[in-house]
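Here is what each chain is made of, one letter per residue.
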Amino acid sequence: MADAEVFPYIPNSVPEVKAEMLKAIGISSVEDIYAEIPDRLRFKGELQVPPRCKSEYELRRHIDDLFAKNKDCKEYIGFLGGGVYNHYAPSVVTTIMERDEFLTSYVGDAYADHGKWMAQFEYASCMAELLEMDAVNTPTYDWGMAAATAIRMGARITSRDEALVCTAVSPDRLSCMKNYAWSAVPTFTMVKTDPTTGLVDLKDLEEKMTDKVAVFYFENPSFFGVIEHQGARIAEIVHAKGGVVAAGVDPISLGVLEAPAKYGVEIAVGDVQGLGIAMSCGGGQGGFVATQDEPKYFGEFPALMFGITPTIVEGEYGFGEALFERTSYGSREKAKDFLGTMAQLHGIGAGVYLALMGPKGMAEIGEGIMQRSAYLAGRLNGLKGIKAPVFSAPFFKEFVVNFDGTGKTVADVNKALLERKIFGGKDLSTWFPELGQSALYCVTEVHTKDDLDALVGALEEVL
Amino acid sequence: MGITKVRKNFHQARWDEPMIFELSTPGVRGIIPPAAEAEVAAAAGDVVGKLPESIRRKTPPALPEVDQKRVLAHYLHLSQETLGSNLNADMSQGTCTMKYNPRINEDLAMESRFANVHPWQDEDTLQGILEIYWGMEQIMKAVSGMDRFTLQPGGGAHAVFTAASIIRAYWRDKGELDTRDEVVTSMFSHPCDAASPHTAGFKIITLMPKEDGYPDLEAMKSVVGPRTAAIFFTNPEDTGIYNPLIEEFVKVAHEAGAVCFNDQANGNVLMGIARTRDAGFDLCHYNLHKTFGTPHGGSGPGTGAMGCREEFAKYLPYPTVEKDPATGRFYLDYDRPESIGKIKGFLGSAGVVLRAYCWAMAMGPEGLRETAEISALNNNYFMELVKRIPGVSAPYAEGHRRLEECRWSWQPLTEETGVGTDDILRRVGDFGLQHYWSSHHPWVVPEPMTIEPCETFAKEELEEYAAVLAQIAEEARTDPELVKQSPHKCATHKRAAEEELDDPTKWATTWKAYKRKIGK
Chain A
0 MADAEVFPYI PNSVPEVKAE MLKAIGISSV EDIYAEIPDR LRFKGELQVP PRCKSEYELR
60 RHIDDLFAKN KDCKEYIGFL GGGVYNHYAP SVVTTIMERD EFLTSYVGDA YADHGKWMAQ
120 FEYASCMAEL LEMDAVNTPT YDWGMAAATA IRMGARITSR DEALVCTAVS PDRLSCMKNY
180 AWSAVPTFTM VKTDPTTGLV DLKDLEEKMT DKVAVFYFEN PSFFGVIEHQ GARIAEIVHA
240 KGGVVAAGVD PISLGVLEAP AKYGVEIAVG DVQGLGIAMS CGGGQGGFVA TQDEPKYFGE
300 FPALMFGITP TIVEGEYGFG EALFERTSYG SREKAKDFLG TMAQLHGIGA GVYLALMGPK
360 GMAEIGEGIM QRSAYLAGRL NGLKGIKAPV FSAPFFKEFV VNFDGTGKTV ADVNKALLER
420 KIFGGKDLST WFPELGQSAL YCVTEVHTKD DLDALVGALE EVL
Chain B
0 MGITKVRKNF HQARWDEPMI FELSTPGVRG IIPPAAEAEV AAAAGDVVGK LPESIRRKTP
60 PALPEVDQKR VLAHYLHLSQ ETLGSNLNAD MSQGTCTMKY NPRINEDLAM ESRFANVHPW
120 QDEDTLQGIL EIYWGMEQIM KAVSGMDRFT LQPGGGAHAV FTAASIIRAY WRDKGELDTR
180 DEVVTSMFSH PCDAASPHTA GFKIITLMPK EDGYPDLEAM KSVVGPRTAA IFFTNPEDTG
240 IYNPLIEEFV KVAHEAGAVC FNDQANGNVL MGIARTRDAG FDLCHYNLHK TFGTPHGGSG
300 PGTGAMGCRE EFAKYLPYPT VEKDPATGRF YLDYDRPESI GKIKGFLGSA GVVLRAYCWA
360 MAMGPEGLRE TAEISALNNN YFMELVKRIP GVSAPYAEGH RRLEECRWSW QPLTEETGVG
420 TDDILRRVGD FGLQHYWSSH HPWVVPEPMT IEPCETFAKE ELEEYAAVLA QIAEEARTDP
480 ELVKQSPHKC ATHKRAAEEE LDDPTKWATT WKAYKRKIGK
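Chains as they are written, first to last, in numbering that gives the first Met the number 0: chain A, 0 to 462; chain B, 0 to 519.
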């Protein structure tokens, strides 16, 4: 007994318990169960995995040692964005997301799991208010998957198989989109970004928009942070050919920027990570897809949609799955795409965030981000050899900084900044060589004036 | 020994909670974001006022305006109306492997050196997390026998889609994608084994089980041929039945030139027992949010770890995590020209990978094997108890043992009493247990119930669960309405108008739509 391995996560690892259970089953060993597996398929060796951290304390020390090899955006000042954003995560959001009730739930029905369904419904409802659209999915994996879903939905809605996408998107996101959309939309045609303003090149869009194109997808703000203000004209061009307008938007901008539905967007997508979810090395993502609640759109969602519905008790809110047969849980391959475990917890967190922020909080945070990013761009533009922002149109949160005039590469600059405990902006020189030695800088509400000035001071030293 | 108790006096929290929007009073604040300093604001000028009219928000979003304590209380109430698996003997959600999600892993995931890390930081500042990714890949390779893994997919269905994308790239390279356009799966494989390859562009052929519940090799032979791109099989299937002819299935597929994918969503019971590679499979996936103990999050975030033989490794999503053998430094390899591209943004669900790694490190080689063995033992012990309940049967595989779970049928009880599995699963909630999961559609097993009593559950919990089922079966005979009108002690009551959820004039999935359609 003293030598037996007993695992805290495995109560029946106690030898006496095991023996009693085997006896009750009427077998002498668990091998009698595994007799179902042909002997030649049995693994006879020892699993080549590291020895266990037997105590919880050993595990903590092991992970502490590994984490000591990381640096983070608290110790360093970070200017990286591009889809993972360093926004402040309020305590209430973290508290709710870490409740074991939500955290460890799964697909339980809306009785014992009523609260989860209602929290999801409220998340979708808050997003609906931000976007001015009244159908919002339970979150998919991330923005890329959401954008790809919009492309596939657009193809189904129009029965067409071509898509136009503005070039000002993250190449990584575009890669996700192409792979996912392929069977519905084999090729994407790229629509130019105006090299001066950073806006969608309307002339190029008009030329490429034909009656074979299912959907035009653009981002607002774009990957370069540029605020697209030609939405109504874009919608006019796309609708004239019977296409669908899809746009990726940053939800944290929507206290100050117009709701996408107001300028003709039919499918709005994006990521909820910025709404109070920690960056966690890119693990905080969750994709939203929204449309108006009209059958032609609603029927094309692949995701679960949690509907409010009466119970047998008068006045009680109940929940259930709306139009379940759409989903692959209901109809296997006959469904709209596939469904699986995606990112519901991040939806719950984002819902709590929006409930805390309210309309005033969203307006204030949007304005504060714009002020800080404008301030930094202005200060950087005053440095010798730097152009910031590169594009002339207004921007939100992110902007492109060009270093061509400094004679240094972004890689050199970022290396020097790193030594000064600053993560410089994302190097764009490989992804967008036409921008020369440029970097994408991201500024949020977490940055103080001292943080921004520290970057300016460091660059003055470096350049 | 601990006691076995049926919680007859259980009652879940029932707050009769208003919608968050109904708590709203104009002007009330829940949190205040940090304002920019005066000097910053002055230098920036009227940034919002300067926006073009067309893009400036005119009407503020009609979000709730609620004070912080009431927001917290509201969501605490909703959490209390949610029965997370750490709170109950949640063997209910069969195929989902609802094992304990250790608290220590949550504490670790909250550490700043993880939570506040941006994935585009310089690799020198990511060495810890990259080592965790690399270490997790080594663990997955050992468990499966495969050569490489990607941890980028965000869930099981996503990993299956990733495999389908890789198989698509493989056939495109061979110039046969136009002719290799069929995927064969089985009805007791997860629906994503049909839906994900279909989304990738393949036609799906679904094999029905033989009368004894085993996959049908002869049927397989009749459909596999020059058009077959791949087979996608779960083993053990969702019935808990291990297909002893799995090698034959793989052989038939390989002889036809097809690629073989093994869905290991039910692989908890096989760790250290049998490796998917040894049965001949080319690709496979495991759900880290099931087998490796990470919380399911109400359905995500998750991670589908997808593994493959070396021949397919060049197609894996970029970037892969590599270790420089000379320096021991970890790095991200983006230079993979034949990669299918990105499948998810950044590195995937890094928080899930971290927690899975922690779980695996807490188990070690002997713990992984113990996990498998006890899950098999628990299931077979539980089956002994449930088999004794009149009215429930375990269709198929007569005289054979199930591995990790069983898909039961309440058909005999339904015929006798009119009480069906949908009634029983609701009633289970009245005893402090999660509603069990019946089955994916279509219901091949009539009145199904799928229970997976994985290694997490104590003997007494297995007994408690079986006793609850026995009691409900008895109630179905003595007081069927009690069961049919259940639940009675959960956070809410039975839905009264299921059909409205399919009616476009009635369904409402947001408060905005609800107010418009229902006119509240």
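It is possible that part of the hints are untrue.
Stated by the list, open to error - To be clear about the criterion: a stretch of chain A counts as covered by chain B if any three or more of its residues have a C-beta under 8 Å from a C-beta of chain B, and this derived list gives those stretches: (1) 28-38; (2) 136-148; (3) 361-374; (4) 396-410; (5) 446-458.
Unchecked claim - Cross-link-like lysine to any residue pairs, in silico, SDA-like; alpha carbons within 20 Å at most: (6) K73(A) <-> S111(B); (7) K220(B) <-> K173(B); (8) K359(A) <-> R55(B); (9) K359(A) <-> P243(B); (10) K359(A) <-> T24(B); (11) K448(A) <-> P33(B); (12) K73(A) <-> P243(B); (13) K407(A) <-> K448(A); (14) K386(A) <-> A362(A); (15) K386(B) <-> L201(A); (16) K202(A) <-> A258(A); (17) K17(A) <-> S28(A); (18) K68(A) <-> I2(B); (19) K191(A) <-> L201(A); (20) K140(B) <-> K386(B); (21) K202(B) <-> E175(B); (22) K448(A) <-> G518(B); (23) K17(A) <-> T3(B); (24) K43(A) <-> T24(B); (25) K386(A) <-> K386(B); (26) K383(A) <-> T310(A); (27) K191(A) <-> I156(A); (28) K448(A) <-> C72(A); (29) K17(A) <-> A34(B).
Keep in mind the hints are simulated off the structure, nothing from the lab. We treat Cβ as the ideally placed atom computed from N, Cα and C, and that holds for glycine.
Each hint, compared with the structure:
With 8 residues carrying a beta carbon less than 8 Å from a beta carbon of chain B, the region 28-38 of chain A meets the three-residue requirement, and the given coverage holds. Judged by the Cβ-Cβ criterion of 8 Å, the region 136-148 of chain A is covered by chain B as claimed, because 7 of its residues qualify and three suffice. A count of 12 residues in the region 361-374 of chain A with a Cβ less than 8 Å from any Cβ of chain B is obtained; the coverage claim is therefore met, three being the minimum. With 0 residues carrying a beta carbon less than 8 Å from a beta carbon of chain B, the region 396-410 of chain A misses the three-residue requirement, and the given coverage is violated.
For the region 446-458 of chain A, the stated coverage by chain B is satisfied: 3 residues place a CB nearer than 8 Å to a CB of that chain, which reaches the threshold of 3. Between K73(A) and S111(B), the direct Cα distance comes to roughly 7 Å. Compliance with the 20 Å bound is thereby established for this hinted pair. At roughly 23 Å between alpha-carbon atoms, K220(B) and K173(B) are farther apart than 20 Å, so this suggested pair is violated. With a C-alpha separation of about 15 Å, the suggested pairing of K359(A) with R55(B) holds against the 20 Å cut-off.
For the hint linking K359(A) to P243(B), the alpha-carbon distance of about 63 Å lies beyond 20 Å, and the restraint is violated. In summary, the hint linking K359(A) to T24(B) is supported, as the alpha carbons are separated by about 12 Å, within the 20 Å threshold. Taken as a hint, the K448(A) and P33(B) pair is honoured in the structure, with Cα atoms around 12 Å apart against an allowance of 20 Å. Restraint check for K73(A) and P243(B): not satisfied, since their Cα atoms lie roughly 54 Å apart, outside the 20 Å limit.
About 26 Å separates the Cα atoms of K407(A) and K448(A), which puts this hinted pair outside 20 Å; it is violated. Only pairs whose Cα atoms come within 20 Å are accepted, and K386(A) paired with A362(A) is rejected, the gap being roughly 29 Å. For the hint linking K386(B) to L201(A), the alpha-carbon distance of about 69 Å lies beyond 20 Å, and the restraint is violated. Between the alpha carbons of K202(A) and A258(A) the distance comes to roughly 24 Å, so the proposed pair goes past 20 Å and is violated.
Taking the CA atoms of K17(A) and S28(A), the gap is about 9 Å. The hint holds against a cut of 20 Å. Note on K68(A) and I2(B): the hinted pairing is violated, with a Cα-Cα distance of about 47 Å set against a maximum of 20 Å. Using a Cα cut-off of 20 Å, the hinted pair K191(A) and L201(A) holds, with the two alpha carbons roughly 8 Å apart. A hinted pair counts as satisfied when its Cα atoms are at most 20 Å apart, and K140(B) with K386(B) does not qualify at roughly 37 Å.
Taken as a hint, the K202(B) and E175(B) pair is honoured in the structure, with Cα atoms around 15 Å apart against an allowance of 20 Å. Using a Cα cut-off of 20 Å, the hinted pair K448(A) and G518(B) is violated, with the two alpha carbons roughly 48 Å apart. Between K17(A) and T3(B), the direct Cα distance comes to roughly 17 Å. Compliance with the 20 Å bound is thereby established for this hinted pair. The hinted pair formed by K43(A) and T24(B) fails the criterion: a straight-line CA distance of about 66 Å is larger than 20 Å.
Of the pairs offered as hints, the one joining K386(A) and K386(B) is violated, with about 75 Å between alpha carbons and a cut-off of 20 Å exceeded. At most 20 Å may separate the alpha-carbon atoms for a hinted pair to count; K383(A) and T310(A) exceed this at roughly 68 Å. About 25 Å separates the Cα atoms of K191(A) and I156(A), which puts this hinted pair outside 20 Å; it is violated. The hinted pair formed by K448(A) and C72(A) meets the criterion: a straight-line CA distance of about 16 Å does not exceed 20 Å.
With a CA separation close to 61 Å, the supplied pair K17(A) and A34(B) exceeds the 20 Å bound.
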